[in-house]
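Asks: Listed here are the chains, written in short residue letters.
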Amino acid sequence: MHLREFFQEGDSMNWLKWFEIRGKSLFSIAFSLHRLTGVVLAFYLIMHLSYLTSLRFGQEVYESFIATTVTPTFLVFDILLVLAGVYHGVNGLRLILHEFGFAYEIRKPLLYFTYVVTLIVWLIASYQLYRYVMGV
Amino acid sequence: MADRFIPALQIRHGGVKMEKTEKALHTKRVLEPAGWILQLLTGLLLAILVTFHFYEIHFASHNAMEFDKVVERLSDTGYKVMYALLLLSVSFHAFNGLRAIAFDTEFGLRNSRTINAITALIILGAFFYGLSLLVMF
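Protein chains in written order, with my numbering: chain W, 28 to 163; chain C, 170 to 306.
In short, the hints are calculated from the structure, not lab data. Some hints could be false.
Within a straight-line C-alpha distance of at most 25 Å, the following computed DMTMM-like cross-link-like pairs (lysine to aspartate or glutamate) qualify [claimed, not checked]:
id: 1; chain 1: C; residue 1: K238; chain 2: W; residue 2: D105
id: 2; chain 1: C; residue 1: K238; chain 2: W; residue 2: E47
id: 3; chain 1: W; residue 1: K44; chain 2: C; residue 2: E275
id: 4; chain 1: C; residue 1: K249; chain 2: W; residue 2: E87
id: 5; chain 1: W; residue 1: K51; chain 2: C; residue 2: E235
id: 6; chain 1: C; residue 1: K249; chain 2: C; residue 2: E235
id: 7; chain 1: C; residue 1: K238; chain 2: W; residue 2: E132
id: 8; chain 1: C; residue 1: K197; chain 2: W; residue 2: E132
id: 9; chain 1: W; residue 1: K44; chain 2: C; residue 2: E201
id: 10; chain 1: C; residue 1: K197; chain 2: W; residue 2: E126
id: 11; chain 1: C; residue 1: K197; chain 2: W; residue 2: E47
id: 12; chain 1: C; residue 1: K249; chain 2: W; residue 2: E90
id: 13; chain 1: W; residue 1: K51; chain 2: W; residue 2: E126
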């Protein structure tokens with residue numbers, strides 16, 4: 028496996044194109060964001076499983092992990108992770124709707140609606156996380 | 170965007186020759202029908218299960234992450250089944266999604282068999298590892 032092959036110049040399927048925004052339609056940007064958030068969440072899944080491994084070593088080890096990670100410092104990462112999760116979920120539901128032939132004629136308003144719902148759910152979830160971590 | 174084709178390039182994918190066009194970038198086009206349908210179904214299931222999991226941990230109570238509470242949940246058969254389903258869905262959805270991304274590269278298409286085998290191993294590995302944590306309690 029050569030990394031060079033992943034970054035191959037002129038490869039139109041190069042995933043680095045996800046980061047290009049200029050000249051892209053809103054749907055292409057939504058697609059790129061869906062994949063980026065998917066990759067972030069896949070990495071989080073691995074981290075989450077590793078984190079839960081601490082349960083094997085008993086209460087003391089588990090609680091030391093909690094004391095380290097459920098803190099105001101980590102809150103920023105948690106909130107960004109929630110944004111990735113909410114966007115991936117809401118946008119995924121939009122894609123499923125279209126896949127089954129629903130609401131294709133209102134695909135643009137539905138895309139805007141996706142962003143609005145993502146924002147609202149993210150703000151509510153983030154506020155709840157903030158209260159949880161800060162003990163408010 | 171969907172109608173703007175790039176110069177066609179013949180690529181072998183799962184024994185079938187396909188043309189590499191911009192339309193072929195879509196996740197659906199790079200996965201087998203079963204892989205795509207399961208991606209949708211696990212996605213739907215995850216929307217429900219992850220929302221419930223988040224609600225349970227962060228909304229329902231302020232001490233859901235305490236060791237005793239975690240052990241209490243994991244000792245409950247209903248939770249065990251729910252978490253096993255969540256684990257299976259998320260393992261498949263995450264790594265099947267990464268497989269689709271790999272197939273969006275020429276490298277991925279050229280090595281599809283290896284990528285399929287590695288993905289299957291990772292999905293099973295993640296699922297059974299998570300399951301081993303679940304059955305501890």
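Asks: Each of the hints needs a verdict: does it hold here or not?
Replies: Evaluated hints:
1. C:K238 - W:D105: 21 Å, holds
2. C:K238 - W:E47: Roughly 45 Å separates the two Cα atoms, so the pair is violated.
3. W:K44 - C:E275: 14 Å, holds
4. C:K249 - W:E87: 23 Å, holds
5. W:K51 - C:E235: Violated - the C-alpha atoms of E235 of chain C and K51 of chain W are around 46 Å apart, more than 25 Å.
6. C:K249 - C:E235: Holds, at about 18 Å.
7. C:K238 - W:E132: The hint is violated at about 47 Å.
8. C:K197 - W:E132: 20 Å, holds
9. W:K44 - C:E201: 24 Å, holds
10. C:K197 - W:E126: Given pair K197 of chain C, E126 of chain W holds - Cα atoms ~10 Å apart, limit 25 Å.
11. C:K197 - W:E47: 22 Å, holds
12. C:K249 - W:E90: Measuring from Cα to Cα gives roughly 22 Å; hence the hint holds.
13. W:K51 - W:E126: 22 Å, holds
Of the numbered hints stated above, those contradicted by the structure are hints 2, 5 and 7, listed in ascending order.
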